[in-house]
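Chemist: Listed below, chain by chain, are the residues.
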Amino acid sequence: MSAAGGLNAAPGPVAMPLLRDDLRQIAAWIADGASVLDLGCGDGTLMAYLRDSRAARVYGVEISDDSVLACVRRGVSVIQADLESGLRMFPDRMFDTVVLSQTLQAMRQTEAVLREMARVGRQGIVSFPNFGHWKHLVSLIGGRMPVSPQMPYQWYDTPNVHLCTPKDFEILAARLGLAITGRALLSAGQPVALWPHLRAKLAVYRFEPK
Amino acid sequence: MQAGSVGVVTPQTMRFADPLALASGARLAGYELCYETYGTLNAARDNAVLVCHALNASHHVAGRNADRLDEVGWWDNMVGPGKPLDTRRFFVIGVNNLGSCFGSTGPMSVDASTGRPYGASFPVVTVEDWVNAQARLADRLGIERFAAVMGGSLGAMQALSWTIQYPQRIRHCVAIATTPRLSAQNIAFNEVARTAIRSDPDFHGGDYYARGVVPKRGLRVARMIGHITYLSDDDMAEKFGRSLRNADYAFGFGAEFEVESYLRYQGDKFSEYFDANTYLLITRALDYFDPARAFGGDLVRALAPARARFLLVSFTTDWRFAPARAREIVEALVVNGRQVVYAEIDAPHGHDAFLLDDARYHRLVSAYFDNVAGELAG
Chain A
1 MSAAGGLNAA PGPVAMPLLR DDLRQIAAWI ADGASVLDLG CGDGTLMAYL RDSRAARVYG
61 VEISDDSVLA CVRRGVSVIQ ADLESGLRMF PDRMFDTVVL SQTLQAMRQT EAVLREMARV
121 GRQGIVSFPN FGHWKHLVSL IGGRMPVSPQ MPYQWYDTPN VHLCTPKDFE ILAARLGLAI
181 TGRALLSAGQ PVALWPHLRA KLAVYRFEPK
Chain B
1001 MQAGSVGVVT PQTMRFADPL ALASGARLAG YELCYETYGT LNAARDNAVL VCHALNASHH
1061 VAGRNADRLD EVGWWDNMVG PGKPLDTRRF FVIGVNNLGS CFGSTGPMSV DASTGRPYGA
1121 SFPVVTVEDW VNAQARLADR LGIERFAAVM GGSLGAMQAL SWTIQYPQRI RHCVAIATTP
1181 RLSAQNIAFN EVARTAIRSD PDFHGGDYYA RGVVPKRGLR VARMIGHITY LSDDDMAEKF
1241 GRSLRNADYA FGFGAEFEVE SYLRYQGDKF SEYFDANTYL LITRALDYFD PARAFGGDLV
1301 RALAPARARF LLVSFTTDWR FAPARAREIV EALVVNGRQV VYAEIDAPHG HDAFLLDDAR
1361 YHRLVSAYFD NVAGELAG
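Residue numbers (this note's numbering), protein chains in the order written: chain A, 1 to 210; chain B, 1001 to 1378.
Simulated from the structure, these hints should not be mistaken for laboratory data. The structure displayed is predicted, hence computed values, not measured ones. Heads up, some of the hints might be wrong.
Here are some chain B residues pointing at chain A (derived, C-beta under 7 Å) [unchecked claim]: (1) Q1339; (2) L1356; (3) D1357; (4) R1360; (5) R1363; (6) A1367.
So the derived label-pair ranges between C-beta atoms look like this [said to hold, decoys possible]: (7) B:S1243 with A:P149: 51 to 57 Å; (8) B:R1307 with A:I180: 53 to 59 Å; (9) B:P1167 with A:L194: 56 to 62 Å; (10) B:D1357 with A:A193: 41 to 47 Å; (11) A:I63 with B:D1139: 54 to 60 Å; (12) B:E1375 with A:I63: 25 to 31 Å; (13) B:D1234 with A:A193: 56 to 62 Å; (14) A:D82 with B:E1272: 56 to 62 Å; (15) A:D168 with B:D1234: 41 to 47 Å.
Quick reminder that beta carbons are idealized off the backbone N, C-alpha and C, glycines included.
Please model the complete structure; the sequences and the hints are all you need to start from.
Modeler: Here it is in structure tokens:
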């Protein structure tokens, strides 16, 4: 198929600066013309961007009715399904890249989702808020669970059931036999050089099955 | 946006003199197709949308029938000015399929070679045959390529088949509440319905027209069975529960429960207007639909010729054509690299949901057709 050639125009141009910080890093790791599965694709921002700028062939998986509708309005392919069971429909190594953006921490079956990503994709990319950010530690020292722009929830209503730090993720990846091929620890969209484990707000990882 | 009706519509008839070769090997000598249109075909002739009907519906998709004003089209909540399939932007065609009983050539029509109604001799037709006949109608209407072909249930099977049979003639396939093939259970229900019809003493092997009788008892049972499969358990519980029509049990076999009364009413109504031979033919077309069959059951290969973009919708409580069946189609489309939107609407109404008002469902179809309209030249 003529990847982007036959695609609809998006309702409006998706400018790079409007992309969420982690999405910019994710896009940088996706090759032109790649086939991409975006898990928990939300309103389709990343998909529309990859379609328009990378000529990528993109499919999203999303559970929310409103997000599916938003994807339809953007003219991107979206499949309404629960991530934790919805990947079964895809054959092995179906996609060049499988993306899970800021959703890993809300998965119940974290290991199973990562394994599935490694099965259906040649590479996986995940991003998640860094629970080890210093402000979170300060909050904990003050006796309160952290609430931040990356994790704007109270402890009793948070969807984030599996929070972790970059190091935690790396340990799990190793245990699951995933080779990490890229890592970006970001704050305000910029890589953090000094004390990234404390100062990065977001972690973005790229991995491949070993 | 003010949603309205397409108003009063008059069905049209197109006569086809060339015989139609059928999947069975038989040929249908000459035939007529009854159809309705709504909206205006644009100068580029690229805004046509074909709406395909399911088991018991017809070409009368929207608006009110000119002869019987109380007859509102079967998908009137979907098709009209300001509705999800907006007739201010699209030229919509509804066509009655061959073998049906609402004006197109079917078992009730007179076979020119005998001068008598076809009856039992009307050839068994398939979804593919219907699509071929629809394509000829499109030729005659000067439509090279449909902006979309759309349908629910058996209608959606026709839309899917269009993408395989005429990949260059369909830009979008909108397939609601459908399946790539009937399950054994689906076929079993059809067979019970057909057995009810065939065992009605008034059926006479399908040649009941000359005898002036109608196998109403069989049709009634067939419709009752069908209705059970269209509704969900929850929906039935909600609508009827165990409600009685009178205060207490009558200790007999009358229609005491509301659900019995409902089924009897639906059965009676249906047996007044539907043709028994048509019921056999259309349920058979359902049974036979299985595009993957020619590819050893491989739906991916069956859908390989498709070039359309797809919208598929299923409903969570549809146990007749459950969401898992639609997901098989989605999977095959993704493997083939086709663009696809798949929505699973959480609705309580079972298979019938595709015909009912549901804001999420209609918003989605509406948004999809906005994109389709955006692509059109005119």
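Chemist: Does each hint hold? Answer for all of them.
Modeler: Outcome of the hint check:
The criterion of a C-beta within 7 Å of any C-beta in chain A is met by B:Q1339, whose closest approach is roughly 5 Å, and the hint holds. The interface hint given for B:L1356 is broken, as the beta carbon of that residue sits about 16 Å from the closest beta carbon of chain A, more than 7 Å. Taken as an interface hint, B:D1357 does not check out: its beta carbon lies about 16 Å from the nearest beta carbon of chain A, beyond 7 Å. Because the closest C-beta pair between B:R1360 and chain A is about 5 Å apart, less than 7 Å, the hint holds.
For B:R1363, the interface hint holds, the least distance from its beta-carbon to any beta-carbon of chain A being 6 Å, beneath 7 Å. Proximity of B:A1367 to chain A holds as hinted, the smallest CB-CB distance being about 4 Å (cut-off 7 Å). Range check, B:S1243 to A:P149: Cβ separation about 54 Å, and the 51 to 57 Å hint holds. Remark: the range hint 53 to 59 Å for B:R1307 to A:I180 is contradicted by a beta-carbon distance near 39 Å.
Checked against the hint of 56 to 62 Å, the C-beta distance between B:P1167 and A:L194 comes to roughly 57 Å, which is consistent with it. Range check, B:D1357 to A:A193: Cβ separation about 57 Å, and the 41 to 47 Å hint is violated. For A:I63 and B:D1139, the Cβ-Cβ distance of about 43 Å falls outside the hinted range of 54 to 60 Å, so the restraint is violated. Look at B:E1375 against A:I63: about 28 Å separates their beta carbons, and that is inside 25 to 31 Å.
About 58 Å separates the C-beta atoms of B:D1234 and A:A193, a value consistent with the hinted range of 56 to 62 Å. Remark: the range hint 56 to 62 Å for A:D82 to B:E1272 is contradicted by a beta-carbon distance near 45 Å. Taking the beta carbon of each, A:D168 and B:D1234 are about 43 Å apart, inside 41 to 47 Å as hinted.
In terms of the numbered hints stated before, the structure departs from hints 2, 3, 8, 10, 11, 14, listed from lowest to highest.
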